[in-house]
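A.B. asks: Listed here are the chains, written in short residue letters.
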Amino acid sequence: MVLELHKPRPIWQIMFSTHHTDVGLLYLITSLAFMFMGGALALVLRLELFAPGTQVIADSMTYNRIFTVHGTTLIFLFILPSASAFGNYLVPIMVRYKDMAYPKLNAIAFWMIPPAGALIWLGFADFTWYAYPTYSVISAPGPAADMWIFGLKILGVSSILGSINFIVTIMKCKHPDLPLSKMPLLAWAYLTSSLITVVAVPTFAAALLMLLTDRLGASGFFNPVMGGDPIAYQHLFWFTFHPEVYILVIPAIGFMYEIFPRFSRKPIFSHGSGVTAFVLLALVGFASWAHHMYATGMSFTEKTVFMVGTLAAVPASAMHTFNFLATMWGGRIKFATPIMWAVGGIALFFSAGAGGVVNSAMPLDFITHDSYWVVGHFHLFVMGTILFGTVGFVYYMFPYVTGRMYNEMWGKVHFILSFVGTVMVFFTQHILGLFGMPRRIYDYPPIPEWVQMNIIISIGAFIIGISMAIFLGNLIYSSAKGKPADMNDPFGLGGKYYYPYQAKNPHH
Amino acid sequence: MSGHSSWPEWVYIGVVVALLCYVGAEAWNVERIVEHVPADAEIIKVIGQQWLWTFEHEDGTKEIGELHVEKGKAYKFEITSKDVIHSFNIHDYVVLLDAVPGRVNTVWFSPTEAGEYDIQCREYCGLIHYNMRATLIVEDKGA
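Line by line, the protein sequences give chains A and B.
The working numbering numbers the first residue of the first sequence as 1 and each following residue consecutively.
The working numbering numbers the first residue of the second sequence as 1 and each following residue consecutively.
Just chain A, same shape as in the assembly (with noise of 0.2 Å):
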């Protein structure tokens, strides 16, 4: 598996390729460019919550409008398609293909994510990532508005190919010999968030045509005032954005199920459990979604369907954390950078699960709904997991894009400071919202407990942004001048034996 960058080619033969490992290249640039455009959004967010009053934004709509492409960008332009890079590098190697089933359609899929992240920027949204009507129907600012709703749209059929592709490229292009209960997990993880988007995504699409019909005055299905109804936007809406969490986690998961074998020389605990585990994670994930609308005024027996179909969730990802920790168990551990990545990984990972169990008994959400409590919590699975798990997986898969080693000392000190300032800022997020802190509020009154963990948040959020420049430095040196990797065992883990999709394993 060696990614080609260490010969130098023009760039335009890297972008105009249609190859499964540029593809994923211009995948990862991107996203990661748009990790780091996000980040430094939800610093400025940061740097205004410092105290009460008017620090560094002006006014609320730029405040809004920030908050809202923060959410956006770091959903939508840096998890999907970090995902996908890596499932575009490490697939087709998985299921012993030569390529992506449609290599066209592969780099059709990941042209559309620049413009519509254009859109998305140029516009500066406020309406915040979801979108609600009647807000967004009758009061949210063009252009703005609907330049976002195109790019969310670009973005969606975007994905709707990538899954596709990857759905095609494992059930029909896989090797003979390899059968489905011996694929890799992280090609699991792929089929299953793949199989998600394809049945959760047009949900959201058809959701995301009537807003904008409804916007132009040319339908009412969300407006109360033509004879529409605005939660029925967000149940639209749920339904695809419950499951899309899982398309998200699932990713990061698979990359662990890689990190940790590798590390911890060790085969996985068990890859029965794993598969049953995404699986289900992949069904119950449709049970749940109306779970975010129970301070909409649904009825009791609803929302006591929705907090069962929350709870059966559970379960799986916690087959995920015994696995492993299972996995690492009795192994002989090399803690290099990314297997601290995923360890931290799950250590949040876990503490996001308990979390979302408070959110979904019913009489505690509504101590918890829409506080800070929930930022503190969906921050915790996307950057807590999804985040930890793919920078460890970006360290992981550094040498063989590059052909250089990365720096091992800086990766562990971004690691520390990135650990420490999540804990920091969304735990405390947590406890700041059973003090009754709304979310999206620009400003707010100086009540001396709000004002004390405002300040440790901001501190913590400003950690992170410190590592996250260690990152961005060690990135762009090490791929220029770092030092070459040797790429039979760029880790020094003893050998090809660690590495599932290399023919000679004896696990396989």
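Keep in mind the hints are simulated off the structure, nothing from the lab.
The reader is advised that the hints may include incorrect statements.
What the hints assert, rightly or not - DEER-style ranges, computed between Cβ atoms:
#1 B/Glu139 to A/Thr54: 40 to 50 Å
#2 A/Pro143 to B/Lys82: 20 to 30 Å
#3 B/Lys45 to A/Ile138: 32 to 42 Å
#4 A/Pro114 to B/Lys82: 38 to 48 Å
Ideal placement from N, C-alpha and C gives every residue a C-beta, glycine not left out.
Fit chain B to the given chain A structure using the hints.
C.D. replies: Then chain B, alone, in the frame of chain A:
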């Protein structure tokens, strides 16, 4: 498959499932009790609009930005919105329900201590969402 035993995983899954069942059952039970509105609850109509709260008592009095209630009495809020979705929240009494245009949502509470409490909007509703606040004033008529 390697030859390890899988019973620890089953025990672990069993413990997780048991905990979840407990949480679910307890939540169901508490919510059932909490949602039971007392028959003598006075109705207060709550109307959210960008960016203020209007309250209308049973006797027809209207208040804007302030809500006066009596300690120990039960109140049932009938919440709606004139424009976009808001969320009516008295955090200290765990009152939280969306104000949705075209719908009336109900929730009840009974203040237990005299004093002033914050009412805020907890669903993003635009420009002044951060300052869509009101004050709940609980009066002790018995004292």
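A.B. asks: Next step is simple, just say for each hint if it's right about the structure.
C.D. replies: A quick look at each hint next to the structure:
1. B/Glu139 to A/Thr54: 40 to 50 Å: Given range 40 to 50 Å: violated, Cβ gap about 35 Å.
2. A/Pro143 to B/Lys82: 20 to 30 Å: holds, 26 Å
3. B/Lys45 to A/Ile138: 32 to 42 Å: Violated, since lysine 45 of chain B and isoleucine 138 of chain A (Cβ atoms, about 22 Å apart) do not stay within the stated range.
4. A/Pro114 to B/Lys82: 38 to 48 Å: holds, 41 Å
In summary, the numbered hints that this structure violates are 1 and 3.
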